[in-house]
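Enquirer: For the record, the sequence lines run as chains R and S.
Going left to right, the first sequence walks through residues 1 to 319 as the numbering used here numbers them.
Going left to right, the second sequence walks through residues 320 to 654 as the numbering used here numbers them.
Just so you know, these hints were derived from the structure itself, not from any lab.
It cannot be assumed that every hint is accurate.
Covered stretches of chain R (in silico footprint by chain S; criterion: 3 or more residues with CB under 8 angstroms from a CB of chain S, positions within the stretch not fixed) [to be verified]:
hint: 1; stretch: 91-98
hint: 2; stretch: 113-120
hint: 3; stretch: 127-137
hint: 4; stretch: 152-162
One-sided excerpt, in silico: chain S residues whose CB lies under 10 angstroms from chain R [claimed, not checked]:
hint: 5; residue: 390
hint: 6; residue: 420
hint: 7; residue: 430
hint: 8; residue: 433
Computed from a predicted model, the values in this text were never measured in an experiment.
Virtual Cβ for every residue (Gly too), placed ideally from N, Cα, C.
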Amino acid sequence: MLTKDKLLELYRGMVTIRAFEEEVRKMHNAGLAPGLVHLYSGQEAVAVGTCTALNSDDYIASHHRGHGHCIAKGSELDRLFAEIIGRRSGYGMGRGGSMHIYDPATFNLGTNGIVGGSVPLATGAALLAKLRGTGQVAVSFFGDGVLNQGILFESLNMAALWSLPVVFICENNGYGEFTEIDDVTAGRPYAKRGEAFDIPSEKTDGMDVLAVHETVSKAVTRARNGDGPSFLIFDTYRYSGHHVGDKQEYKDDEERELWLSRDPIPKLSEMLVAEKKIKQAALDELDAEIKATVIVAANQAKKMPEPDADDLTRHIYAA
Amino acid sequence: MPPDSQQTDRNLTLKDAVLEAMFEEMESDQNVILIGEDVGTAGGVFKQTKGLFKTFGADRVIDTPISESAIFGLAVGAAMAGSRPIIEVMFGDFLTLVMDQLVNQAAKVHYMSAGGFNVPLVLRTGIGVGGNLGPQHSQSLHGWLAHIPGLKVVMPSSASDAKGLFKAAVRDNNPVIFMEDRMTYNLKEQVPEDEHVIPLGSAEVKREGADVSIYAVTRSVHTALAAAEHLQVKNVSAEVVDLRTLAPLDVETIVASVQKTGRALVLDGGYQSFGITSEIAATIGELAFDYLDAPVMRLAAPDVPVPFSPALETMTVPNAEQVVAKVTEMYGGLG
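Please build the complete structure, drawing on both the sequences and the hints.
Expert: Quick look at the structure:
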């Protein structure tokens, strides 16, 4: 059983992401966060359960729905907001945006606009960790759409062949853009894709942060011990559709209700209260504190200047 | 030094000069690793990595499956994590398989991360026509790559340049594409033994001339030099400018040459349409128009897939005769 502190860390992480994404939604609706914004709401258990199983110098590589991973790995909220609304203090000076957030300080190889982009990046970081014997582990987060990208299979092969310390994490939220994953994907269960390379593979409930944490912890231990990669599939759900503004006409109410009833945040808070780890009143206080912190960060970002003309051509090449 | 090329005679092939550069850079910087198909125990499909595996071992010289996209993608991740990978891609044609990793990831990471991450790597690949390898093993696609901000593109013509440029490429903190025409692999010349690094972005005048400037890279430089000899007989003094790198492009040297000669021919083994000959011709037109005594001319590969048949294949490579003819045309015919 996890300590109370660890349990609260999980709770805090998920609530922070949920509150952050609500602010992003508001910013988008207010016209502050233009472009395509993909919210992580609903999938929090995966990012938080995973990143709390990692060391600070372990690598992650993320995908287009990646705010949650950045937050869970420890990026600064105001700089994340700033990037998402195109301000100069953002991680990429506002030139990457939501789908391109890189943070070397938290060993985050970036969110990514290319489906499958995270897979070779994390595998490459794992290759170097193995060659150098650093003991670092790399995690590749990707969506169910990547189950059908060729780069996954090329990377799984090398990861297995060289026994690399990488954990492949497929967040199966049921939809690739606007199409049900099951409608376009052969080979069930999908974990067979990892098994084909003799990689330990399993499917876990991605709405249960404790289950995620436990599954990933085992995979990370395996990786750190030199026993190679794991291929994990977490079933989860995206509450806001593909991007903000997606009316989600392809989903029915029954489906939505079912997944909302499995929301990872109340699931954990009810457990915490039932097992008398913490009182509901204290959790409410914590919620308010987190929301306030998120709003302060959002307001800070909004006050930040936009990039200037010199920033257009800065960093094309490294010195 | 590579064990097999250690010799007092410094007359090296271009291939061995690059091999020597790889040895030196791998020796002096532990972060340099080599990764690719057949690079390790096989020593390279053209023997261009011979001896590296034996010297540096499996931790630094990594044989891969035939998975160009992931090989390069892994190298980008490893570069972001602090290494300096050299990635061998056997044929430049296979860059098509690498393009997503190259264009969407490697080229943009430094920019998108506001300098937070560098991607210091060298992708080395052989390009060009020769040996009847057919339409999928004979292309010269360097124009594609030079088009992308964030990538550097290096195309040496000689052994000495290849060594100096390769060392600079390995030390550069950006993704560098190092492309040699395979027909230059065995060209020999004296190669300096000492520290020999040529900064990327410096063209070189390989032959001084007064009447016409011919611009080229890699194999085409030799075509231009041969044509210059023929032109000399016709009393035309041709200057041959080896661009050496397409990105960065040494605009200053390009312009200085045509300011002196007043005539420019841009020669290339890549396609003419939307290719580097067009870019350089336009640059000259914009920056040196007042110095021109004739329109800038282009001579490049015809816009066709490179055919297999020996009867046709050679027709896709611009030759010295065609260069002479083009220059002659610029003079409205020569007596």
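Enquirer: Determine for every hint whether it applies to the structure shown.
Expert: Each hint, compared with the structure:
1. 91-98: holds (count 5)
2. 113-120: holds (count 5)
3. 127-137: This one holds; 4 residues, not fewer than the three required, reach chain S with a Cβ under 8 angstroms.
4. 152-162: Held - the stretch 152-162 of chain R has 5 residues with a Cβ nearer than 8 angstroms to chain S, which meets the minimum of three.
5. 390: Result: holds, 8 angstroms to nearest chain R Cβ.
6. 420: 7 angstroms, holds
7. 430: With a minimum Cβ separation of about 5 angstroms from chain R (threshold 10 angstroms), the hint on residue 430 (chain S) holds.
8. 433: It holds, given that the least Cβ distance between residue 433 (chain S) and chain R is near 4 angstroms, below 10 angstroms.
Checked against the numbered hints listed earlier, the structure breaks none of them; every hint is satisfied.
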